[in-house]
Amino acid sequence: MKTLHPSTLALAALTIAMALFCLSFIDAALLARSRAAERAETAGLAAGLGLADLALFNEARYTRHPAQADLHSAFQDHPLAFDHFPTGSLMPPRTYAYELLDRKTAQPD
Amino acid sequence: MNSWIEKQRSLIDFTLASLARRKTRNLGLLTVYAALVFVLASVMLFTHALRQEAAAVLAGAPEVILQRMVAGRHDLIPPDYLDSIGRIRGVQQKQGRLWGYYYDPVIKANYTFMVPGYTVSDGALVIGPALARARELTAGSAVSFRSYSGQLFTFKIAAVLPQRSELASADLVLLSEHDFRAFFAYPAGHYTDIALSVANPNEARTVAAKLASALSDSRPILREEILRSYASLFDWREGIVLTVLSGTLFAFAILAWDKAAGLSAEEKREIGILKAIGWETGDVIKMKFWEGAMISLAAFLIGYIAAYLHVFRFDAGLFEPVLKGWAVLYPRFSLTPVIDGVSVLTLFFFTVIPYTAAVLVPIWRAATTDPDAVMRA
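Keeping their order, the protein sequence lines are chains A and B. The UniProt record's numbering puts the first sequence at residues 1 to 109. The UniProt record's numbering puts the second sequence at residues 1 to 377.
These aren't lab readings, by the way, just hints derived from the structure by calculation. Heads up, a few of these hints could be off.
[What the hints assert, rightly or not] Below are the SDA-like pairs computed for lysine to any residue, each with C-alpha atoms no more than 25 angstroms apart in a straight line:
| no. | chain 1 | residue 1 | chain 2 | residue 2 |
| --- | --- | --- | --- | --- |
| 1 | B | Lys156 | B | Arg146 |
| 2 | B | Lys7 | A | Gly48 |
| 3 | B | Lys286 | A | Leu14 |
| 4 | B | Lys94 | B | Val120 |
| 5 | B | Lys7 | A | Ile16 |
| 6 | B | Lys94 | B | Lys108 |
| 7 | B | Lys210 | B | Leu76 |
| 8 | B | Lys286 | B | Ala298 |
| 9 | B | Lys268 | A | Ser7 |
| 10 | B | Lys108 | B | Arg133 |
| 11 | B | Lys156 | A | Gly48 |
| 12 | B | Lys286 | A | Ala17 |
| 13 | B | Lys268 | B | Thr368 |
| 14 | B | Lys94 | B | Ile77 |
| 15 | B | Lys286 | B | Arg365 |
| 16 | B | Lys23 | A | Leu14 |
| 17 | B | Lys210 | A | Gly50 |
| 18 | B | Lys286 | B | Asp370 |
| 19 | B | Lys23 | A | Ala17 |
| 20 | B | Lys108 | A | Arg61 |
| 21 | B | Lys7 | A | Ala12 |
| 22 | B | Lys7 | A | Thr15 |
| 23 | B | Lys23 | A | Ser7 |
| 24 | B | Lys94 | A | Gly44 |
| 25 | B | Lys268 | B | Asn26 |
| 26 | B | Lys286 | A | Ala10 |
| 27 | B | Lys94 | B | Gly72 |
| 28 | B | Lys156 | B | Pro116 |
[Unchecked claim] Part of the chain B face toward chain A, derived, beta carbon under 10 angstroms:
| no. | residue |
| --- | --- |
| 29 | Gln8 |
| 30 | Arg9 |
| 31 | Leu16 |
| 32 | Pro78 |
| 33 | Trp99 |
| 34 | Ala130 |
| 35 | Ala132 |
| 36 | Ala168 |
| 37 | Leu174 |
| 38 | Ile221 |
Here a beta-carbon is modelled for each residue, glycine too, at the ideal position from N, C-alpha and C.
One chain only, chain A, in its complex shape (with noise of 0.2 angstroms):
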C-alpha cells in the first residue's frame, strides 16, 4: 500500500488554510450585503436627524459628541479638572479641526 508523504498533507492542510482565507474575502462581501440595509437605516436616520456623532461613548457630554464638543474637552467641567470618565483616556483631544480656518490663531478656542 502506497504510504502517504507528510508534504502531501502538510500542503493539503495549507492549500485548505489558504481556502479559508479567500473564503473570508468573499464571506466579508455576503455579510456586507446582507447588513447593508441596516447601515442605510442608520445612516438615514442620521441624515434625517442631522446627527454628527455616533452614541459610542454617552457618559459624558464631551464625549458623546466629540465632533461638537469643547477643545479642552478633559478640563470641561472646571479649569484643572481631571478627566472623570475612562472614555476621555482612550479618546484624542481634536488638534487638528479648524486649521485651515482662518480664525484659527486669532481667537483661542
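Starting from the known structure of chain A, arrange chain B on it as the hints suggest.
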C-alpha cells in the same frame, strides 16, 4: 519540472520529520506566532471596519454646524442670530436645532434630548433602543423625568427607534419643540446650534470661512472635520491597543529571533551530518527555507482566519470595550465587514517575511562551513 517538484517534496518531507523531532517546541512556537497574528489582525480588521462604519453612518451629517461661543464655551444661539447670517452663496438651508443632555439618575446614564425635523406630538417621546432596553420601555408605556428645574414631566412613549439604527440612536430621546423648551426651561427663540446644508460640498470650507469672519463669536464645524475626528479617534484607539501589545510583540520578536537565528547544537550537528553525507549547501538552505515558510505561513493563515471569525462572526468580544468605548447605554450593533487588502498584505509581509528570512541567515553560515567543524562545534 517533475524532478524539481519531487526534490522539493522530499525536502519538505525531511523538514517535517525534523520539525516533528522537536514537536513541543515547534508547536509552542506556532501557537504563540498564530496568537500574535490573531491579535494584530483582530485590531486591524476591527478598527478599519469601525472607521468605515462611522464614515458611512455620518455621511449624511449636516455639511456645516454653527455653534456660538461665549468665553470659549458652547452657548445658545440668540433669536436674531439666524437672520444676521444673511444670505451666503451656496447655502441651501439654515435651520436652528434644539438638543441637549439629560442625566437620568434611575440608570445613571446621559440621554441626548433632541427635537427632530418631523413632528412629534406634545407629551410624546420617540426613544432610542438602548434606552428602551435599559428602562424596559415599549411603545405605549409612560415615563417620567424630573427636569433641571425640579418639575416632574410625564411622557408617553410613541415609538422606539429601530434596533438596527442603534449605533446612531442608542440614547436618543426625540420630543416636540414645545416639550423641549418647557422641560429645559429653554428661552423662547433660542437654539442650541445651527445646521447649514451647502449645495456643493466643496464649498463648505468657503462657507465656514465666511461665517467665521461674519460672526466672530461663531465656531463652524464641517462634516469633513467630523469624519476626520472619528477616523483619528479610532486610529488613536488602535494605537493604544498596539502600544499595550508592543511588549508582547517585542517578546515574540526576541523568541522568534532566538529560535530562528540561534541554531541549537542539535541543529548544527544535523547540518554537519547532512553535509557529510553529500547534501549541498543549497539543499540545506532550501530545507530551512521550507521550515521557516511553512511555520510562518501556517501561523499567518491560522491567526488571520481566527481574527476574521472573532471580529465579524463573534462581534470582537475580546477587544470590544477598548476599541468601541463603553457606557451604561451601550449600543448593540454588528459591524459590516470591510477588509482593507493593503493592511492584510502589510500584515502578511511583516509576519511571514521576517521570520522566513531570519531562519536563513544562520543556516547559510552553518551550511557554508566545513562539516567537520560544524559537527565538532
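Has the given pair, Lys268(B) with Ser7(A), been kept, meaning a C-alpha gap of at most 25 angstroms? holds, 23 angstroms
Please verify that hint: Arg9(B), Cβ, nearest Cβ of chain A, below 10 angstroms or not. holds, 5 angstroms
Holds or violated: Lys268(B) with Asn26(B), Cα cutoff 25 angstroms? holds, 17 angstroms
With a cut-off of 25 angstroms on the C-alpha distance, tell me whether Lys94(B) and Gly44(A) pass. holds, 20 angstroms
CA of Lys94(B) to CA of Gly72(B), is that 25 angstroms or under? Holds, at about 23 angstroms.
Restraint status (C-alpha distance of Lys286(B) to Asp370(B) at most 25 angstroms): holds, 18 angstroms
Have a go at the Trp99(B) hint: is there a Cβ in chain A nearer than 10 angstroms to its own Cβ? Interface hint status for Trp99(B): holds (9 angstroms vs cutoff 10 angstroms).
Does the interface hint hold: is Leu174(B) within less than 10 angstroms of chain A, judged Cβ to Cβ? holds, 8 angstroms
Go through the hint on Leu16(B) and say holds or violated, using the shortest Cβ distance to chain A against 10 angstroms. With Cβ-Cβ at 4 angstroms, under 10 angstroms, it holds.
Quickly compare the C-alpha distance for Lys286(B) and Ala298(B) to 25 angstroms and report which way the hint goes. At roughly 18 angstroms apart (the allowed maximum being 25 angstroms), Ala298(B) and Lys286(B) satisfy the hint.
Satisfaction of hint between Arg133(B) and Lys108(B), Cα-Cα up to 25 angstroms: holds, 14 angstroms
Agreement of Lys7(B) and Ile16(A) with the hint, judged by alpha carbon distance not exceeding 25 angstroms: Holds, at roughly 23 angstroms.
Checked against the numbered hints given earlier, the structure breaks hints 2, 6, 32, 35 and satisfies all the rest.
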